[in-house]
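Asks: Chains X and B, in that order, are what the protein sequence lines are.
Heads up, the first sequence is in the working numbering, so the first residue is 1 and it goes up one at a time.
Heads up, the second sequence is in the working numbering, so the first residue is 1 and it goes up one at a time.
Mixed in with the good hints there might be a few duds.
Said to hold, decoys possible - Example chain X residues on the side facing chain B (calculated, C-beta under 10 angstroms, incomplete): (1) Val14; (2) Glu36; (3) Arg45; (4) Ile53; (5) Glu102; (6) Gln106; (7) Cys139.
What the hints contain is simulated information worked out from the structure, not anything from laboratory work.
The C-beta atom is built at its ideal place from N, Cα and C for all residues, glycine as well.
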Amino acid sequence: MRNAREDEFRAYVVDARARLVRTATLLTAGDRHLAEDLVQTTLTRLYLAWPRIRAADGPDGYARRTLVNALIDERRRPFRRRETTHAEVPDRALHTSDDDPESALQAALADLPPGMRAAVVFRHVYDLSVSDTADALGCSEGNVKSQTARGLERLRTALTSAPTPLTTPRSTR
Amino acid sequence: MTDLETLLSNAGQHPGPSDPALVDADVARGRRALTHRRMRRTGTRSLLVGALAVGSFAVVQNQGGHPGTTAAKAPTTVVTKTTTKTTNKATTGTTKIAAIKLVAYTGSQPEGYTVDSVPSGWEIQGVNNYGLVIAPVGFGDTDVSSFEGKIVVMLLSHDAKPLTASEGDQVAVGSGTGIVSNFDRKDGLQLSYQDANGHQVMIQAPLSLHWTDAQLGQFAAGVHVSPTAVAGFG
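Taking the hints into account, I'd like the entire structure generated from these sequences.
Replies: Below, the structure written as structure tokens:
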């Protein structure tokens, strides 16, 4: 006893789920567990709103907006103010991975504020227009441009700077 | 170091295929959330348009097996309380909340749905062809479109699917079986079953009844869907 909502939603999830997880992983700067949680939240909201978004601008835009909102909601949770969790315990310094560009990128993305990170990811990873990115982030196009420019500058600085030592050597006099 | 533009561009490539098991779980999660929302939503007056006002149906008060009066009473005359008592299991010494017992319903039967029994101290708050709402006598929330703390009986929405065995626990409903959802049990019980006439019925029962799945199934067995009952949309 299938219905149209479920069949269409399933087809969309088959096509888009991995992409959403990838996007969420970038938005969370590599936290795969949080990314999976965000995608599950996003898809559930998508299912609930399916008739409306199907008739509007399609599920992709809605999914991006919901993903960002879910991330913001997650960051606003009280425990987030006290501590942050990570999917995996880092076993090496974050900025020493010249041989692993993706890890270096995720580490650099992690240092950006979530909104700035999302602007960079949507504009330069997924090639969204300024307009679509502004729609996903719920902000003005001018804000997207400034956030993206500042984010790229900070990423360049982080990725081209010298590796940060784990401990600061004592000065000798 | 790879240049930044290339690094960012590559970051979104080749996400790989979606795991079918995860897709199934996403669909099931969405379906459950939709069912849950439908059963819990408030303000959907269209669902119960024309529902009858509080007190327009008889009040059942026959606690202890004595036939009660069936005249409508002022809400302040009867107050339903959940009683607490110690079980007779001396070996465990545990204290549990007693479930509210079912008593025979002797009042006027509503259109759309009829019931053999109601929880003791509960009354039919509203009904029409789309659903039946049962609440404690004197319940503060008299809005029949609000389902919090009440029993709600309705046909499964046209664009929803019945619960499957993997989504809950099986329970006897008369000579048939139903599924009590394992989704958000902390908020209440939700039973999905097909009655003898092929109707897909959904019943939501609040935790305040302290019912087991079997007790919900027992109540469901006494629910009869009339030919005039219709399923909603959305």
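Asks: Hint by hint, work out which the structure violates, then give me just those numbers in ascending order.
Replies: Of the numbered hints, 4, 7 do not hold.
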